[in-house]
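2 protein chains.
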Amino acid sequence: MNDRATTGTNSYHRPKLSDEGLRPTHAVDAVDEYGESRALRVVGEFPLTIKVDGAEIVTLMSLGTYPEKLTLGYLRNQRLIDEIGEIAEVRVDWKREIADVRTTHGNGIVNLKEKTSERMVLSQVNIKQSQVYALLKNIASYNQIYREAGAVHGCALCKGPEILHFVEDIGRHNATDAIAGEMWLEDIKGNDKWFYTTGRLTSEIVMKVASMGIPVLLSRSGITHMGFELAEHLGATLIARAKGHHFLVYSGKDNLIYDEIPKRRRETDTINS
Amino acid sequence: MNDRATTGTNSYHRPKLSDEGLRPTHAVDAVDEYGESRALRVVGEFPLTIKVDGAEIVTLMSLGTYPEKLTLGYLRNQRLIDEIGEIAEVRVDWKREIADVRTTHGNGIVNLKEKTSERMVLSQVNIKQSQVYALLKNIASYNQIYREAGAVHGCALCKGPEILHFVEDIGRHNATDAIAGEMWLEDIKGNDKWFYTTGRLTSEIVMKVASMGIPVLLSRSGITHMGFELAEHLGATLIARAKGHHFLVYSGKDNLIYDEIPKRRRETDTINS
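Protein chains in written order, with this note's numbering: chain H, -6 to 266; chain G, -6 to 266.
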């Protein structure tokens, strides 16, 4: 049992974790439109079956870089286990493609909750436009796997423009769950954080992020109508198409502070002409 | 019972289908980076629970434009039902968020197969570069929902450069399944077809498309290593990053016929300079 001190106020026994993160990319040869061979890299994709006290829960297809945190976050976000203190160990074995979760009580999933639509209480926040731009600028130096091999989504836990954790995975759900696992493990609260993703803000992502207590979601991509409706219902701020100096605020419009409105291209054109 | 004549050689009773396709986009107001309100459209996202003879199988989050074909294709691609002749009716009811599947025998899923890694026999094919370019040009006039609201993936069943069916959905899995449903319903064989997607070629997509008998996959996006390995194992041709005149052939490299090699930018530069 690992009994390192915890960072939060609630003391608990930290689960013992294996350290089986995989390297994210693999060498592959391809032929391009000129008929010429090119040595490229592509992202890994591996099945990981989560078992709790021996009982199979789910099989996820993952990049595999943070399998222990993905496992924790999945259990947390699906509300399969209430308290991290119930988890004694997460041991990942890629040969068997298994994440073996051992609970302290040994009874497996004892509290299988129905997903309820209970209203989560999210913090009231103010979001400065200048901070959104600073975050988007900071994000540009992450996305390492994407830039090397493509085919992944990136998710970041942020405190304003500061990036605390950045995770890439082949599914945005997995990347979100891995961040939830990190937060659960380190007892990081979501109320003063932002969540950034390169992926779309669908209902499932909005629900996961809200259940992590994070009141602000930013996406480089678009949203779905159900993602929008959920955000409105939960009081989350939803900012999509966030790239460069562009963004669209769909939910929580009153929370934005416009302290760095960009010059309009048209005005610039007029000045230049 | 609908007994329209079938197009294929195997005669069967066509299942009776409801016609509950939803309109794909919804009006939403957003505020842009200038603080100005903009009337935009976003894609729908709805849960659809598939039941077979009353027993719940799965809940999919879908755009909902082709719910009956999505249901058929899901059952087909998951190998839950062997023959379409076993299906008497698919009735979608959005108020209940249910796709009710009624079988002819009334026994539900009777033949729940383990997914096997049996070798599927895919056709040997030749792919002309000129046809790839013609297809990519044709695709540009589809993607209607994406151009209006973003946040969807498009999938196409193609015969060379000709697009036979084009489906968009919030998940590329759903769009792929809806095309599988169309093929199953209309008894369309895959052996002389190509499959195009804007989404990534992960293991699951490669497996679905191969199980539809289609030997050629093209993607605007990237691939994963497992998608690549599966394609190699199954003998499928995998072409990724297909956009404009660029593409990368990862699997089935010998099947490409280079009959329209583009001028190199460098050469063009030399000519121009």
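Hints are supplied without guarantee of correctness; some may be wrong.
Any copy will do: because identical chains look the same in the list, a pair fits if it lies in one copy or spans two.
Here are the simulated lysine to aspartate or glutamate pairs, EDC-like style, with alpha carbons at most 20 Å apart [what the hints assert, rightly or not]:
#, residue 1, residue 2
1, Lys9, Glu253
2, Lys44, Asp22
3, Lys246, Asp22
4, Lys130, Asp22
5, Lys236, Glu29
6, Lys152, Glu253
7, Lys9, Asp252
8, Lys236, Asp180
9, Lys9, Asp75
10, Lys9, Glu76
11, Lys130, Asp25
12, Lys121, Glu29
13, Lys256, Asp25
14, Lys121, Glu179
15, Lys152, Glu13
16, Lys9, Glu79
17, Lys44, Glu155
18, Lys88, Glu222
Simulated from the structure, these hints should not be mistaken for laboratory data.
Okay, the hints, checked on the actual structure:
1. Lys9 with Glu253: neither (46 Å within a copy, 58 Å between copies)
2. Lys44 with Asp22: neither (36 Å within a copy, 44 Å between copies)
3. Lys246 with Asp22: Classified as between; 10 Å across copies, 47 Å inside a copy.
4. Lys130 with Asp22: Classified as neither: same-chain Cα gap 33 Å, cross-chain 26 Å, threshold 20 Å.
5. Lys236 with Glu29: between (34 Å within a copy, 17 Å between copies)
6. Lys152 with Glu253: within (19 Å within a copy, 51 Å between copies)
7. Lys9 with Asp252: neither (46 Å within a copy, 58 Å between copies)
8. Lys236 with Asp180: This pair counts as neither: shortest intra-copy Cα distance 30 Å, inter-copy 45 Å.
9. Lys9 with Asp75: Result: close within a single copy only, 17 Å intra versus 45 Å inter.
10. Lys9 with Glu76: Within one copy only: 15 Å inside a chain, 48 Å across chains, cut-off 20 Å.
11. Lys130 with Asp25: Answer is between; shortest inter-copy Cα gap is 18 Å, intra-copy 32 Å.
12. Lys121 with Glu29: between (49 Å within a copy, 16 Å between copies)
13. Lys256 with Asp25: between (41 Å within a copy, 13 Å between copies)
14. Lys121 with Glu179: neither (27 Å within a copy, 54 Å between copies)
15. Lys152 with Glu13: neither (28 Å within a copy, 44 Å between copies)
16. Lys9 with Glu79: So lysine 9 and glutamate 79 pass the 20 Å test inside one copy only (12 Å; across, 50 Å).
17. Lys44 with Glu155: Answer is neither; intra-copy 35 Å and inter-copy 46 Å both fail.
18. Lys88 with Glu222: For lysine 88 and glutamate 222, the Cα distance is within 20 Å only across copies (17 Å; inside one copy 42 Å).
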